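Visitor: Sequence:
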Amino acid sequence: MQIRRVVTGHDGQGNSVFVSDASASRAKDFSDIPGYGFSQVWSRDGASDADQSTLGGSLLPGVGGSSLLMISLPPDSVMAAPLNPQRALGEMVEALPGLIECFEPEAPGMHRTPTLDYVVILEGELWLELDNGEQRLVRSGDVVIQQGTRHAWRNKSERPARARCLCRAWPREASHERDPEPAGPVRQPASALGPQRGAAQRG
Numbered sequence: 001m002q003i004r005r006v007v008t009g010h011d012g013q014g015n016s017v018f019v020s021d022a023s024a025s026r027a028k029d030f031s032d033i034p035g036y037g038f039s040q041v042w043s044r045d046g047a048s049d050a051d052q053s054t055l056g057g058s059l060l061p062g063v064g065g066s067s068l069l070m071i072s073l074p075p076d077s078v079m080a081a082p083l084n085p086q087r088a089l090g091e092m093v094e095a096l097p098g099l100i101e102c103f104e105p106e107a108p109g110m111h112r113t114p115t116l117d118y119v120v121i122l123e124g125e126l127w128l129e130l131d132n133g134e135q136r137l138v139r140s141g142d143v144v145i146q147q148g149t150r151h152a153w154r155n156k157s158e159r160p161a162r163a164r165c166l167c168r169a170w171p172r173e174a175s176h177e178r179d180p181e182p183a184g185p186v187r188q189p190a191s192a193l194g195p196q197r198g199a200a201q202r203g
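First residue of the sequence shown? That's 1 in the UniProt record's numbering, and the numbers climb one at a time after it.
It should be emphasised that the hints constitute simulated quantities derived from the structure, not laboratory data. Misleading hints may appear alongside valid ones.
EDC-like, lysine to aspartate or glutamate: derived pairs with alpha carbons at most 20 Å apart [stated by the list, open to error]: (1) 156 x 142; (2) 28 x 49; (3) 28 x 101; (4) 28 x 11; (5) 28 x 123; (6) 28 x 94; (7) 156 x 123; (8) 156 x 129; (9) 28 x 51; (10) 156 x 76; (11) 156 x 134.
Have a look at the derived ranges for each label pair, beta carbon to beta carbon [as the list claims (entries may be wrong)]: (12) 77 x 48: 17 to 25 Å; (13) 10 x 31: 39 to 47 Å; (14) 19 x 86: 35 to 43 Å; (15) 47 x 97: 14 to 22 Å; (16) 125 x 14: 43 to 51 Å; (17) 47 x 8: 16 to 24 Å; (18) 156 x 54: 29 to 37 Å; (19) 50 x 3: 38 to 46 Å.
Please read all numbers here as calculations on a predicted model, not as lab measurements. Even glycine gets a Cβ: it sits at the ideal position worked out from N, Cα and C.
Whole structure, please, built from the sequences with the hints as guidance.
Guide: The following block contains the structure:
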């Protein structure tokens, strides 16, 4: 998922300058889940303003940090039937460190991250599901403030949806929600990670 990224900064004299104008380097289009992709546009930790996305590691920010993600989610029908489930799982484990471990094997698609997320729906529509099956439909132009809650994104339409998500570290002790059980190493088949039982993971 290629995203043009224009970065500004300052030169030695304090003048504002363009530092770079190129595609964000950390990006992925999943070959076995058509329409599913992401790009980490920028990431920083609490100690430096330097971009951390080029270093790899967790997609989720550490204390004091932030991470800007662009995400494309295909219809649930596509997520539920990856072209090659085991290969799709391998792709996700490699491409989504720090995030994939947050998904619940027994509740496909449900996850909770220790972040405060500002989510803007850019194209299409998504259903946001919370505990007890409660859902709300959000469309292009809508904004979701995700306060460290357990949730899943469902695409019940016939075309991919795109969203922008700015994640900021959210201490667990600040949340009123219950802590999930530790997920541990990702060993479950891809079918445990999707929008319904027998589906692939959604982000």
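Visitor: A separate judgement is required for each hint: does it hold in the structure or not?
Guide: Hints and how they fare:
Restraint check for residue 156 and residue 142: satisfied, since their Cα atoms lie roughly 17 Å apart, inside the 20 Å limit. For a cut-off of 20 Å, the pair hint linking residue 28 to residue 49 is broken: about 24 Å separates their Cα positions. Proposed proximity of residue 28 and residue 101 is supported: the alpha carbons are some 18 Å apart, at most 20 Å. Taken as a hint, the residue 28 and residue 11 pair is broken in the structure, with Cα atoms around 32 Å apart against an allowance of 20 Å.
Pair hint residue 28 plus residue 123 holds up; C-alpha atoms about 18 Å apart against a cutoff of 20 Å. In summary, the hint linking residue 28 to residue 94 is supported, as the alpha carbons are separated by about 10 Å, within the 20 Å threshold. Distance check on the hinted pair: residue 156 and residue 123 sit about 14 Å apart at the alpha-carbon level, within 20 Å; holds. With a CA separation close to 12 Å, the supplied pair residue 156 and residue 129 stays within the 20 Å bound.
For the given pair, residue 28 sits about 18 Å from residue 51 by alpha-carbon distance, which is consistent with the 20 Å threshold. About 6 Å separates the Cα atoms of residue 156 and residue 76, which keeps this hinted pair within 20 Å; it holds. A distance of roughly 15 Å separates the Cα atoms of residue 156 and residue 134; the hinted pair therefore holds under the 20 Å criterion. In this structure the hint that residue 77 and residue 48 lie 17 to 25 Å apart at CB is violated, the actual value being about 43 Å.
A C-beta distance of roughly 40 Å is found between residue 10 and residue 31, which places it inside the suggested range of 39 to 47 Å. Evaluation of the 35 to 43 Å hint for residue 19 and residue 86 yields a pass: the beta carbon distance comes to about 41 Å. Remark: the range hint 14 to 22 Å for residue 47 to residue 97 is upheld by a beta-carbon distance near 20 Å. Separation of residue 125 from residue 14 is about 45 Å and conforms to the stated range, judged on CB atoms against 43 to 51 Å.
In this structure the supplied range 16 to 24 Å holds for residue 47 paired with residue 8, their Cβ-Cβ distance being about 21 Å. Between residue 156 and residue 54 the Cβ separation comes to about 36 Å, which falls inside the hinted range of 29 to 37 Å. Restraint check, residue 50 to residue 3: a C-beta distance of roughly 19 Å breaks the suggested window 38 to 46 Å.
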